[in-house]
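Given next are the chains, with one letter for each unit.
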Amino acid sequence: GDSVTQMEGPVTLSEEAFLTINCTYTATGYLSLFWYVQYPGEGLQLLLKATKADDKGSNKGFEATYRKETTSFHLEKGSVQVSDSAVYFCALSDPTSGSRLTFGEGTQLTVNP
Amino acid sequence: GAVVSQHPSWVICKSGTSVKIECRSLDFQATTMFWYRQFPKQSLMLMATSNEGSKATYEQGVEKDKFLINHASLTLSTLTVTSAHPEDSSFYICSARRTGFEQYFGPGTRLTVT
Chain A
1 GDSVTQMEGP VTLSEEAFLT INCTYTATGY LSLFWYVQYP GEGLQLLLKA TKADDKGSNK
61 GFEATYRKET TSFHLEKGSV QVSDSAVYFC ALSDPTSGSR LTFGEGTQLT VNP
Chain B
114 GAVVSQHPSW VICKSGTSVK IECRSLDFQA TTMFWYRQFP KQSLMLMATS NEGSKATYEQ
174 GVEKDKFLIN HASLTLSTLT VTSAHPEDSS FYICSARRTG FEQYFGPGTR LTVT
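Heads up: the protein sequence lines correspond to chains A and B, in order.
So the first sequence is numbered by our numbering: it starts at 1 and just counts up by one.
So the second sequence is numbered by our numbering: it starts at 114 and just counts up by one.
Chain B with its partners taken away, still in its complex shape (with noise of 0.2 Å):
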């Protein structure tokens, strides 16, 4: 049980274009989700936090209007990267809980920006 799942798990998109990224909690009903980005070999940076059917809390010095996450549902947030650059190449991790219980995490997707 307590499956997480990320699609894709990498895409490659040329500067400009926007891409989304879905996470969805397989097995049970995620009341928050996480997004997370990891650059090579280094640790995860929290993105954001968000509840289902509410707006999602940024962290401090990410940028809310290229990041877009929406959490539509108990079971699906997604993270849209608006008009990318190569700079936002990075591996995209997203976690998912429910009341009570730890976080799960999904495989991640790598993003490359050329």
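Just chain A, same shape as in the assembly (with noise of 0.2 Å):
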């Protein structure tokens, strides 16, 4: 079945360091790859998404680029800020399990001033 593996957390960055979360995923077909973001107490947020290969999803300064021959989702920003502490959930869709969301672990990152 499909499935999505997520770099271990927790990652503790200082505030305007660089930030990559990795992210890979098993399946196949044509997949909608999201980043989510959870505040401590609160349900998901949408943060980006992807639809096809090669499609750069972007919000808030972070970007994800969908890499079909990586089989990679992986999250970046440049200049992180305290305010981006939260747990980042990656997740698949793949329409032959309908509406289904495939999620990975998610990874907790704290961003210390």
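Treat the hints as calculated values from the structure; they're not laboratory data.
Keep in mind the model is a prediction, meaning the values are calculated, not measured.
The C-beta atom is built at its ideal place from N, Cα and C for all residues, glycine as well.
Some hints here could point you the wrong way.
35 Å max Cα-Cα, derived DSBU-like pairs, lysine-lysine [unchecked claim]: (1) A:60 - A:49; (2) A:49 - B:133; (3) B:127 - B:168; (4) A:49 - B:168; (5) A:68 - B:179; (6) A:52 - B:168; (7) A:60 - B:154; (8) B:133 - A:52; (9) B:154 - A:49; (10) B:154 - A:56; (11) B:177 - A:49; (12) A:68 - A:56.
Looking from chain B toward chain A, a few residues come up when the C-beta cut is under 10 Å (computed) [to be verified]: (13) 117; (14) 123; (15) 149; (16) 151; (17) 154; (18) 155; (19) 156; (20) 158; (21) 159; (22) 204; (23) 208; (24) 218; (25) 219; (26) 220; (27) 221.
Build the complex: two chains, separate frames, hints provided.
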């Protein structure tokens, strides 16, 4: 079945540092890939998405490119802020399994001032 | 647009009682709603998928008689935890989707069973 693997956390960075959270997946077909962010005590918010190979999703300074050749969708941000501290989830949607989302394990990010 | 609400945001109940959690799509009609469970510091576990007017489809290992899901309208789904026990304490998150669009998530409900 489909699976998503994220880099293990927690990740701790200083403000203005560069962020990369790795995400790889196992699935085939016409996938959609997503990054969600979860702040403490809250539900998930869609951060960005890509719906076809080589698409780049971007939002709030975060970027991720759907790389079919490496089955990856790594999340990057050039300069993190304290307010970016949250848990980040990579997910995929496979049309053959309906509209279900398959989530990665989540990566806790803490940004210190 | 695409706002999903949950009520209550947190609830404490006694062991053996039942509790109902509501999930509403506020500004769109949701053809499909999903219920997830999340344990501390873990990912989301899909419990069930429900389509308006039909029975929910439960994931393997989820007790359908314990977690009753009703998707009575295109804007409302409810999850009832029956005869709750402390091991049912968790963070429950719903999401809603309309055809052709991605899932939008609610803010979650923290259930504590004492």
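Now the hints, each set against the structure:
Of the supplied pair hints, the one linking residue 60 of chain A and residue 49 of chain A holds, its CA atoms being roughly 13 Å apart against a limit of 35 Å. A C-alpha spacing of about 32 Å is found between residue 49 of chain A and residue 133 of chain B, which places the hinted pair at or below 35 Å, so the restraint holds. A hinted pair counts as satisfied when its Cα atoms are at most 35 Å apart, and residue 127 of chain B with residue 168 of chain B qualifies at roughly 28 Å. Of the supplied pair hints, the one linking residue 49 of chain A and residue 168 of chain B holds, its CA atoms being roughly 30 Å apart against a limit of 35 Å.
Between residue 68 of chain A and residue 179 of chain B, the direct Cα distance comes to roughly 41 Å. Violation of the 35 Å bound is thereby established for this hinted pair. Straight-line distance between C-alpha atoms of residue 52 of chain A and residue 168 of chain B comes to about 32 Å, which keeps the hinted pair within the 35 Å bound. Straight-line distance between C-alpha atoms of residue 60 of chain A and residue 154 of chain B comes to about 24 Å, which keeps the hinted pair within the 35 Å bound. A threshold of 35 Å between alpha carbons decides the hint, and for residue 133 of chain B with residue 52 of chain A the separation of about 39 Å lies outside it, so the pair is violated.
With a C-alpha separation of about 23 Å, the suggested pairing of residue 154 of chain B with residue 49 of chain A holds against the 35 Å cut-off. Of the pairs offered as hints, the one joining residue 154 of chain B and residue 56 of chain A holds, with about 28 Å between alpha carbons and a cut-off of 35 Å not exceeded. Pair hint residue 177 of chain B plus residue 49 of chain A holds up; C-alpha atoms about 32 Å apart against a cutoff of 35 Å. Among the hinted pairs, residue 68 of chain A with residue 56 of chain A is consistent with the structure: their alpha-carbon atoms are about 12 Å apart, no more than 35 Å.
Below 10 Å, beta-carbon pairs count as interface contacts, and residue 117 of chain B has one with chain A at about 8 Å; its hint therefore holds. Among the interface hints, the one on residue 123 of chain B holds; its C-beta lies about 9 Å from the nearest C-beta in chain A, closer than the 10 Å criterion. Among the interface hints, the one on residue 149 of chain B holds; its C-beta lies about 9 Å from the nearest C-beta in chain A, closer than the 10 Å criterion. Interface restraint check for residue 151 of chain B: the shortest CB-CB distance to chain A comes to about 9 Å, inside 10 Å, so the restraint holds.
Hint on residue 154 of chain B holds. Least Cβ distance to chain A is approximately 7 Å, under the 10 Å limit. Interface hint status for residue 155 of chain B: upheld, as the beta-carbon distance to the closest one in chain A is roughly 7 Å, under 10 Å. Restraint check, residue 156 of chain B versus chain A: the minimum CB separation of about 5 Å is within 10 Å; hint holds. About 9 Å separates the beta-carbon of residue 158 of chain B from the nearest beta-carbon of chain A, less than 10 Å, and the hint is met.
At about 7 Å, the closest approach between the beta carbon of residue 159 of chain B and any beta carbon in chain A falls short of 10 Å, and the interface hint on this residue holds. Residue-level restraint check for residue 204 of chain B holds (minimum Cβ-Cβ distance to chain A is 8 Å; threshold 10 Å). Against a cut-off of 10 Å between C-beta atoms, the interface hint on residue 208 of chain B holds, since the closest Cβ of chain A lies about 8 Å away. This hint holds: residue 218 of chain B has a C-beta 4 Å from the nearest C-beta of chain A, less than the 10 Å allowed.
Of the supplied interface hints, the one on residue 219 of chain B holds, with its beta-carbon coming within about 5 Å of a beta-carbon of chain A, less than 10 Å. Contact between residue 220 of chain B and chain A, as hinted, is supported at the beta carbon level, the nearest pair being about 4 Å apart and thus within 10 Å. The closest approach between the C-beta of residue 221 of chain B and any C-beta of chain A is roughly 4 Å, which is under the 10 Å cut-off, so the hint is satisfied.
Hints 5, 8 from the list above are not met by this structure, while the remaining hints are.
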